[in-house]
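Turn these sequences into a full structure, and let the hints steer you where they fit.
Residue numbers (the numbering used here), protein chains in the order written: chain Y, 1 to 109; chain F, 1001 to 1114.
Calculated directly from the structure, the hints in this document are not laboratory data.
Among the hints, erroneous ones may be present.
What the hints assert, rightly or not - Sample of chain Y residues lacking proximity to chain F, with all beta carbon distances greater than 10 Å (derived): (1) Thr5; (2) Pro7; (3) Asn19; (4) Asn30; (5) Ser41; (6) Pro44; (7) Gln45; (8) Thr65; (9) Ser70; (10) Ile74; (11) Leu80; (12) Asp96; (13) Met97; (14) Ala101.
To be verified - In silico lysine-lysine, DSS-like type, Cα no more than 30 Å apart, as pairs: (15) Lys1057/F x Lys3/Y; (16) Lys108/Y x Lys1078/F; (17) Lys69/Y x Lys3/Y; (18) Lys69/Y x Lys1078/F; (19) Lys1078/F x Lys1042/F; (20) Lys52/Y x Lys69/Y; (21) Lys1083/F x Lys1057/F; (22) Lys3/Y x Lys52/Y; (23) Lys1042/F x Lys1057/F; (24) Lys52/Y x Lys1078/F; (25) Lys1042/F x Lys1083/F; (26) Lys52/Y x Lys1042/F; (27) Lys1078/F x Lys1057/F; (28) Lys1083/F x Lys69/Y; (29) Lys108/Y x Lys1083/F.
Claimed, not checked - Just a sample of chain Y residues kept apart from chain F, beta carbon distances all over 10 Å, derived: (30) Ser9; (31) Asp11; (32) Arg16; (33) Gly29; (34) Lys69; (35) Asn94; (36) Asn95; (37) Arg98; (38) Gly102.
No residue lacks a Cβ here, since even glycine has one placed at the ideal position from N, Cα and C.
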Amino acid sequence: DAKTTQPPSMDCAEGRAANLPCNHSTISGNEYVYWYRQIHSQGPQYIIHGLKNNETNEMASLIITEDRKSSTLILPHATLRDTAVYYCIVSYNNNDMRFGAGTRLTVKP
Amino acid sequence: EPEVTQTPSHQVTQMGQEVILRCVPISNHLYFYWYRQILGQKVEFLVSFYNNEISEKSEIFDDQFSVERPDGSNFTLKIRSTKLEDSAMYFCASRGGLAYNEQFFGPGTRLTVL
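Here is the structure:
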C-alpha cells in the first residue's frame, strides 16, 4: 500500500498558488518523493521529484521538510487545466510506483 | 514530442477469453511498466520489465498475467482467462534508463469484461 497520506480534495482559485501537502513519515533515507498527476482518465503525468533538497521545474516546486517526513507541491499560478488528481509517491528506485488515492485539486475561476 | 501509444483504446471481451493489450513505448527507453485502474479507484502497479525480464511485480500480477516484448518495439500484456474483475483501464509506461526518473504513461486501454 501507499506510504503517503494526502488530503482527499482541495480547491484553489485560478491564478493563485496551489499548495498540496503530503505526509510520508516512514520514508527511508534512500527513498525519493515523486509527484504525478492524472487529469480526468488520462495516463498519469510526471511533475517533479526530490530526495531532500527543494526542487523547481517549469511545472512546479517541491518543498521537502528537513526531517523528510512531509513535503508540499506548489503550483505557483494554478490554471483551470491544473484541475486533476495529484499523487505523492515514495519510491527508492522509481520502478515499483505505488499510487495512493491522491488529492483531487479543483481550480475554480 | 515522443509518446507512449496503446492499442486498442477500448476492448470488450467475454469472461474466460484471452486478451492482449499492446503498447509501443518511447523509442530507446529501457524500462517498461503496466498499471491498471479500476473505475473510480486508484492506479495500481502491476509489473515492471527490464532487459527482457520482469524486474518487479505486484500481488495482482498472478499467473493469469504475462508480459512480453516480442519484437523490440511492442510491449504486451496478456490476460489468459479474463474475469469480470479485470475490467479496468490499463496503462503502459516507459522510462529512459536508470538515470531517468520520469515514467511516461500512455493513454490507456479500457478493458471491459462481460
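>> Checking each numbered hint in turn, tell me which of them this model violates, lowest number first.
In response: The structure conflicts with hints 5, 6, 7, 12, 13, 14, 16, 18, 24, 28, 29, 35, 36, 37, 38, although it agrees with all the remaining ones.
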